[in-house]
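J.: For reference, the chains in residue letters:
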Amino acid sequence: MNTDHVAPPPDTEFDDAAFVAAAGGDWSDVADEIARLTEERVVVNMGPQHPSTHGVLRLILELSGETVTETRVGVGYLHTGIEKTMEYRTWTQGVALTTRMDYVASMANELTYVLAVERLLGITGAVPPRAALIRMLMAELTRVASHLIAVGTGGNELGGTTLMTVGFRGREEILRFFEMVTGQRMNNAYLRVGGVAQDLPPDALAFLRGAFGGVLRSIDDLEDLLMKNPIYRGRLEGIGYLDLAGCMALGITGPVLRATGLPFDLRRAAPYCGYEDVEFDVVTETTADAWGRFMVRMREMRQSMRIAAQCIERLEASPGPVMVADKRIAWPSQLSLGPDGQGQSPAHVREMLSGSMESLIHHVKLVTEGFRVPAGQVFVQTEHPKGSHGVHLVSDGGPRPYRAHVREPSFNNLQALAALCNGGTVSDVIVGLASLDPVLGGVDR
Amino acid sequence: MADGVEGKVPAFALGSVAKVVGTLRAGSTWPVTMGLACCAIEMMAAGTARFDLSRFGMEVFRASPRQADLMIVSGRVSHKMAPVVRRVYDQMAEPKWVISMGACACTGGVFNNYALVQGCDHVVPVDIYLPGCPPRPEMLIHAILELHQQIKAEPLGPDRATVARAVEQAALATLAPGEARPATVNGVLA
Numbered sequence: 001m002n003t004d005h006v007a008p009p010p011d012t013e014f015d016d017a018a019f020v021a022a023a024g025g026d027w028s029d030v031a032d033e034i035a036r037l038t039e040e041r042v043v044v045n046m047g048p049q050h051p052s053t054h055g056v057l058r059l060i061l062e063l064s065g066e067t068v069t070e071t072r073v074g075v076g077y078l079h080t081g082i083e084k085t086m087e088y089r090t091w092t093q094g095v096a097l098t099t100r101m102d103y104v105a106s107m108a109n110e111l112t113y114v115l116a117v118e119r120l121l122g123i124t125g126a127v128p129p130r131a132a133l134i135r136m137l138m139a140e141l142t143r144v145a146s147h148l149i150a151v152g153t154g155g156n157e158l159g160g161t162t163l164m165t166v167g168f169r170g171r172e173e174i175l176r177f178f179e180m181v182t183g184q185r186m187n188n189a190y191l192r193v194g195g196v197a198q199d200l201p202p203d204a205l206a207f208l209r210g211a212f213g214g215v216l217r218s219i220d221d222l223e224d225l226l227m228k229n230p231i232y233r234g235r236l237e238g239i240g241y242l243d244l245a246g247c248m249a250l251g252i253t254g255p256v257l258r259a260t261g262l263p264f265d266l267r268r269a270a271p272y273c274g275y276e277d278v279e280f281d282v283v284t285e286t287t288a289d290a291w292g293r294f295m296v297r298m299r300e301m302r303q304s305m306r307i308a309a310q311c312i313e314r315l316e317a318s319p320g321p322v323m324v325a326d327k328r329i330a331w332p333s334q335l336s337l338g339p340d341g342q343g344q345s346p347a348h349v350r351e352m353l354s355g356s357m358e359s360l361i362h363h364v365k366l367v368t369e370g371f372r373v374p375a376g377q378v379f380v381q382t383e384h385p386k387g388s389h390g391v392h393l394v395s396d397g398g399p400r401p402y403r404a405h406v407r408e409p410s411f412n413n414l415q416a417l418a419a420l421c422n423g424g425t426v427s428d429v430i431v432g433l434a435s436l437d438p439v440l441g442g443v444d445r
Numbered sequence: 001m002a003d004g005v006e007g008k009v010p011a012f013a014l015g016s017v018a019k020v021v022g023t024l025r026a027g028s029t030w031p032v033t034m035g036l037a038c039c040a041i042e043m044m045a046a047g048t049a050r051f052d053l054s055r056f057g058m059e060v061f062r063a064s065p066r067q068a069d070l071m072i073v074s075g076r077v078s079h080k081m082a083p084v085v086r087r088v089y090d091q092m093a094e095p096k097w098v099i100s101m102g103a104c105a106c107t108g109g110v111f112n113n114y115a116l117v118q119g120c121d122h123v124v125p126v127d128i129y130l131p132g133c134p135p136r137p138e139m140l141i142h143a144i145l146e147l148h149q150q151i152k153a154e155p156l157g158p159d160r161a162t163v164a165r166a167v168e169q170a171a172l173a174t175l176a177p178g179e180a181r182p183a184t185v186n187g188v189l190a
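The listed protein sequences derive, respectively, from chains A and B. Numbering of the first sequence is given in this note's numbering, commencing with residue 1 and proceeding in unit increments. Numbering of the second sequence is given in this note's numbering, commencing with residue 1 and proceeding in unit increments.
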């Protein structure tokens, strides 16, 4: 029996029907063969090396024609064992590991972690106000940088490289400030338990004021390029719909949740770091689709810049310490910029080595062994650019966590992907995924 | 495997042709998108306006390994990802080069644990190691320019595919205690 798909004749009326040429054999065999050929479902593997899956995500799509009937998400291609590694590092070193989870929002990860350790230590109230302000400033700038990447790479995945270059242009301005303050462009490890690693350099705030224009110009450009672009609107509007009930059932937070109209933002709902003292609006949209999510991100960036501006004003007005006074916890380093890069200030080293043997011993003990944290457990959440970011820490009273677990919003949001994509077309999968903006470093950890 | 252009060149002209071919190859090295983690973001940043990789004829990151001749392993390689990295490498056409970008790709970085391959040179042969966590885009550009120099100086004589395979076999070979690994220069057994 010879059965083949053949192209339908040009003047056919049966656009949707499959044409099968059959010759010879029983009619029942022919019918079975037709059924086999026309009801075949195709499973397409997408990723983990795919330019549009936002990193090393693997999607297993079951297709019927161009329609996606089932979406399965394969994660773990970037599993780094960070949580396990944290059990073998001191509480202070944990910052350098959390910062590498969601690598486009480094300092937002660090923030949750240091807040959690501080609560375990019971020193939340002892953190100097200037340190809290610096943390807030860094968290908000991180949010802008993260959203710029989300919108930029989201546009890139839809085929617009210009959007990526514009997004990265604005992010560069922020990264220059980060580098000036923390010494690193990404993976900053700048926040410390009890405060921040060091105070802002003298001219940093003036520099940041100067960089504001560049960031805002990039946000404006993105708005002009994307939000008024009929093709982009056409690709996004009504795609990846997930309403409030769906978000609630799946534990979705962040811009995805706010795009359904619920103004849930931990900065407002459970303020930390002094968010209760700054003015900002919780941005919501009501469309509950990909378009709404990108709109939330675009508008949130402006609110974050608003918060950052308030932080700058206050930081200029309030000098002071940036680390807790308790010498059992405060990291004993004084960093400075030498001819070979950032490192311990020579004056501080001289003072330690020549001043007193006890202070040197204390320094060595604190750096090598670390401080001890009372036994207990804690769960702290903050509003990460991707959603609610939680850190669960268990201490057995030792200098290292007994167990560290992170609730990564990227991971939780990713489980909505099937709900967003099933029933849509393959091209809409890209849109749905980009609108969730998962970062695989955070998903897999 | 058949010789490439070098098989048709008379011996007296080989040196000049090698220079021309090297310049052409170095001038249009197209990277495959092998973004893995943090370094991938810096790799993308290197392609955008401020750092502008297109100055060196390579802003086109190819999604298909068949169209690419440079793999920038940018980020941590997990044990789950390692076979994928290798498969993409195998799918690239010769001649091909690998830059190991970042501390994790070079040595495993800060993550000395059960999950990560301790250096992507366990999986693919590496031409340039680029340290940093993550390296700045300028450092990536510097690594690429270094690679360009290597590509320009590459001899045409021996078939590169066979040589590369021999070098890799030598690198993978189990050594007797005290035995030295054979030295390589520019991807060729010395």
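Treat the hints as calculated values from the structure; they're not laboratory data. Small disclaimer: the values here were computed from a predicted structure and weren't measured. The beta-carbon is built from N, C-alpha and C at its ideal position, and this holds for glycine as well. Among the hints, a few may not be true.
Listed below are the simulated SDA-like cross-link pairs for lysine to any residue, each with C-alpha atoms no more than 20 Å apart in a straight line [stated by the list, open to error]:
no., chain 1, residue 1, chain 2, residue 2
1, A, LYS84, A, PHE280
2, A, LYS84, B, LYS80
3, B, LYS80, A, GLY74
4, A, LYS84, B, THR107
5, A, LYS84, B, GLN118
6, B, LYS80, A, ASP203
7, A, LYS84, B, ASN113
8, B, LYS80, A, LEU244
Here are some chain A residues pointing at chain B (derived, C-beta under 10 Å) [to be verified]:
no., residue
9, PRO51
10, GLY81
11, PRO263
12, PHE264
13, PHE411
J.: Against each hint, give a clear statement of whether it holds in the structure.
T.: Comparing the hints with the structure gives:
no. : hint                  : result
1   : A:LYS84 with A:PHE280 : 37 Å, violated
2   : A:LYS84 with B:LYS80  : 17 Å, holds
3   : B:LYS80 with A:GLY74  : 11 Å, holds
4   : A:LYS84 with B:THR107 : 19 Å, holds
5   : A:LYS84 with B:GLN118 : 16 Å, holds
6   : B:LYS80 with A:ASP203 : 45 Å, violated
7   : A:LYS84 with B:ASN113 : 8 Å, holds
8   : B:LYS80 with A:LEU244 : 35 Å, violated
9   : PRO51                 : 4 Å, holds
10  : GLY81                 : 4 Å, holds
11  : PRO263                : 30 Å, violated
12  : PHE264                : 28 Å, violated
13  : PHE411                : 15 Å, violated
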